[in-house]
Amino acid sequence: GLDVFLPSAGGKWSLPGDYVYGNGRLPYSQSGQWGLLRVLPPTDQRILPLEGDAVSSKQAGLDHVPGEPRVIPTVAK
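Using my numbering, the letters of the sequence shown correspond one by one to residues 32 to 108.
Hint data in this document are derived by calculation from the structure and do not stem from the laboratory. Computed from a predicted structure; not experimentally measured. Among the clues, some could well be false.
Unchecked claim - In silico SDA-like pairs for lysine to any residue, Cα to Cα no more than 20 angstroms straight-line:
id	residue 1	residue 2
1	LYS43	ARG69
2	LYS43	THR74
3	LYS43	VAL70
4	LYS43	TYR59
5	LYS43	GLN90
6	LYS43	PRO72
7	LYS43	ASP75
8	LYS43	GLU82
9	LYS43	LEU71
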(Lines of atoms letter the chains of each structure in order from A and count residues from 1; the text may use other names and numbers.)
(Lines give C-alpha, C1' and ligand atoms only; values in the text may rest on other atoms or scores of the structure.)
Protein backbone atom coordinates (compact mmCIF):
# COMPACT_ATOMS: atom_id res chain seq x y z
CA GLY A 1 0.00 0.00 0.00
CA LEU A 2 0.88 3.64 -0.21
CA ASP A 3 0.59 5.89 2.81
CA VAL A 4 0.65 9.62 2.14
CA PHE A 5 0.52 12.21 4.90
CA LEU A 6 -0.08 15.78 3.75
CA PRO A 7 -0.33 18.80 6.05
CA SER A 8 -2.90 20.19 3.62
CA ALA A 9 -4.01 19.47 0.09
CA GLY A 10 -4.04 21.75 -2.93
CA GLY A 11 -0.52 23.12 -2.60
CA LYS A 12 0.65 26.27 -0.86
CA TRP A 13 -2.70 28.04 -1.36
CA SER A 14 -4.95 24.98 -0.78
CA LEU A 15 -6.44 25.23 -4.26
CA PRO A 16 -9.44 22.94 -4.83
CA GLY A 17 -9.46 20.74 -7.90
CA ASP A 18 -8.63 17.29 -9.24
CA TYR A 19 -4.97 16.29 -9.10
CA VAL A 20 -3.65 13.30 -11.06
CA TYR A 21 -0.73 11.33 -9.64
CA GLY A 22 1.02 8.34 -11.11
CA ASN A 23 4.11 6.51 -12.19
CA GLY A 24 5.99 8.44 -14.87
CA ARG A 25 7.15 5.25 -16.58
CA LEU A 26 4.73 4.54 -19.43
CA PRO A 27 4.37 0.75 -18.98
CA TYR A 28 3.52 1.21 -15.31
CA SER A 29 1.07 4.04 -15.87
CA GLN A 30 -0.58 2.00 -18.65
CA SER A 31 -0.93 -0.92 -16.24
CA GLY A 32 -2.88 1.23 -13.80
CA GLN A 33 -0.35 2.89 -11.48
CA TRP A 34 -2.09 6.26 -11.37
CA GLY A 35 -4.89 7.88 -9.45
CA LEU A 36 -6.91 10.99 -8.82
CA LEU A 37 -6.87 13.12 -5.67
CA ARG A 38 -9.88 15.42 -5.34
CA VAL A 39 -9.31 18.50 -3.17
CA LEU A 40 -12.47 20.20 -1.93
CA PRO A 41 -12.66 23.84 -0.80
CA PRO A 42 -12.00 24.28 2.95
CA THR A 43 -15.61 25.41 3.48
CA ASP A 44 -17.11 22.33 1.79
CA GLN A 45 -19.27 20.34 4.23
CA ARG A 46 -19.95 17.22 2.09
CA ILE A 47 -17.24 15.15 3.78
CA LEU A 48 -16.75 15.63 7.51
CA PRO A 49 -14.35 13.98 9.99
CA LEU A 50 -15.68 11.17 12.16
CA GLU A 51 -16.48 12.13 15.73
CA GLY A 52 -15.07 10.60 18.92
CA ASP A 53 -14.92 6.82 18.96
CA ALA A 54 -16.64 6.39 15.59
CA VAL A 55 -13.37 5.11 14.15
CA SER A 56 -12.96 1.36 14.44
CA SER A 57 -11.08 -1.35 12.67
CA LYS A 58 -12.79 -4.41 11.29
CA GLN A 59 -11.44 -7.29 9.30
CA ALA A 60 -13.20 -8.26 6.11
CA GLY A 61 -13.63 -11.93 5.43
CA LEU A 62 -15.64 -14.45 3.50
CA ASP A 63 -18.46 -16.26 5.26
CA HIS A 64 -17.99 -20.02 5.09
CA VAL A 65 -20.71 -22.55 5.78
CA PRO A 66 -19.20 -25.80 7.13
CA GLY A 67 -19.66 -28.67 4.69
CA GLU A 68 -19.91 -26.45 1.62
CA PRO A 69 -16.95 -26.02 -0.74
CA ARG A 70 -15.00 -22.79 -0.52
CA VAL A 71 -15.27 -20.71 -3.67
CA ILE A 72 -12.76 -17.96 -4.36
CA PRO A 73 -13.69 -15.47 -7.09
CA THR A 74 -11.04 -15.09 -9.79
CA VAL A 75 -10.57 -13.10 -12.97
CA ALA A 76 -8.72 -14.31 -16.04
CA LYS A 77 -7.82 -12.28 -19.10
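For this session: Report the numbers of all earlier hints that the structure fails to satisfy, in ascending order.
Result: Numbers 4, 5 and 8 - these are the hints that the structure violates, sorted from lowest upward.
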